[in-house]
Amino acid sequence: QQPVQSPQAVILREGEDAVINCSSSKALYSVHWYRQKHGEAPVFLMILLKGGEQKGHEKISASFNEKKQQSSLYLTASQLSYSGTYFCGTVGYGNKLVFGAGTILRVKS
Amino acid sequence: EAQVTQNPRYLITVTGKKLTVTCSQNMNHEYMSWYRQDPGLGLRQIYYSMNVEVTDKGDVPEGYKVSRKEKRNFPLILESPSPNQTSLYFCASSLSPGDGPEAFFGQGTRLTVV
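Note that the protein sequences, when read in sequence, are chains W and L.
Once you know that position 74 of the first sequence is 74 in my numbering, the rest is easy, because the numbers rise by one and skip nothing.
Once you know that position 33 of the second sequence is 33 in my numbering, the rest is easy, because the numbers rise by one and skip nothing.
What the hints contain is simulated information worked out from the structure, not anything from laboratory work.
Glycine included, each C-beta is placed from N, C-alpha and C at the ideal position.
Take the hints with a grain of salt, since some may be wrong.
What the hints assert, rightly or not - Negatives, chain W to chain L, calculated, CB over 10 Å: (1) V10; (2) R13; (3) S23; (4) Q70.
What the hints assert, rightly or not - A partial selection of chain L residues facing chain W, derived with a Cβ cut-off under 8 Å: (5) G40; (6) G42; (7) L43; (8) Y48; (9) F90; (10) E102; (11) A103; (12) F105; (13) Q107.
Extracted from the complex, chain W is given alone in its bound form (with noise of 0.2 Å):
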């Protein structure tokens, strides 16, 4: 049931790109990004649509193909204030929020 995200982890220096991906074996019929620091709760990065639309928020930016039922994150020119886990969160046609395992960021100065 649950998203499979990769990588687990990654570690990037300021200025670095990075990618996360999120794959499902359902039908989507959207993708939401969610960034969680340490301790606190999971805060809404974006969400895509079934349609294969691109989407962006400041240096961060995300896909999803509908037909391979998958999404990526990118996340260009990293800085410190990316560090953190990130989840992607499918709904597939139940209408149910599914989290993956998530992906631990970490950004060095």
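We have chain W already, so just place chain L on it with the hints.
Here is chain L on its own, set in the frame of chain W:
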């Protein structure tokens, strides 16, 4: 201010002692859900509710109960807590998970069962 409020934030209890974690939202959202977060396993859904009096099991419902008598409240009940239910719990609400917009999360409840 739009928010989801969970109480308590921290709770230590003993095995078998019934407890309730409350969740309340002020955004008139129809969809509410409970997740537990454990290291390496991410956010796993316990129960969710599409509207008042409509609830359904998520991926890990064993040992939990919920009710949705009012739109704003969605309490999580542990009738007989066990140590394997020690976890960080989050309540979330949204208008509709499929169409968006975003889901709002409560601040979390860290539960320890000894």
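So, going through the hints one by one against the coordinates:
For V10 (chain W), the non-interface assignment is confirmed: its Cβ lies about 15 Å from the closest Cβ of chain L, beyond the 10 Å cut-off. For R13 (chain W), the requirement that its beta carbon stay farther than 10 Å from each beta carbon of chain L is met, with the minimum near 25 Å. The Cβ of S23 (chain W) sits about 14 Å from the closest Cβ of chain L, beyond the 10 Å cut-off, so the non-interface label holds. Every C-beta of chain L lies more than 10 Å from that of Q70 (chain W), the closest at about 17 Å, which supports listing it as non-interface.
Contact between G40 (chain L) and chain W, as hinted, is supported at the beta carbon level, the nearest pair being about 6 Å apart and thus within 8 Å. At about 4 Å, the closest approach between the beta carbon of G42 (chain L) and any beta carbon in chain W falls short of 8 Å, and the interface hint on this residue holds. Contact between L43 (chain L) and chain W, as hinted, is supported at the beta carbon level, the nearest pair being about 4 Å apart and thus within 8 Å. Against a cut-off of 8 Å between C-beta atoms, the interface hint on Y48 (chain L) holds, since the closest Cβ of chain W lies about 6 Å away.
Interface hint status for F90 (chain L): upheld, as the beta-carbon distance to the closest one in chain W is roughly 6 Å, under 8 Å. Among the interface hints, the one on E102 (chain L) holds; its C-beta lies about 4 Å from the nearest C-beta in chain W, closer than the 8 Å criterion. Satisfaction of the interface hint for A103 (chain L) is found here, the shortest Cβ-Cβ separation to chain W being roughly 6 Å, below the 8 Å cut-off. Given hint, F105 (chain L) at the interface with chain W, holds; its Cβ is 4 Å from that chain's nearest Cβ, closer than 8 Å.
Look at Q107 (chain L): its Cβ gets to within about 5 Å of chain W, closer than 8 Å, so that hint holds up.
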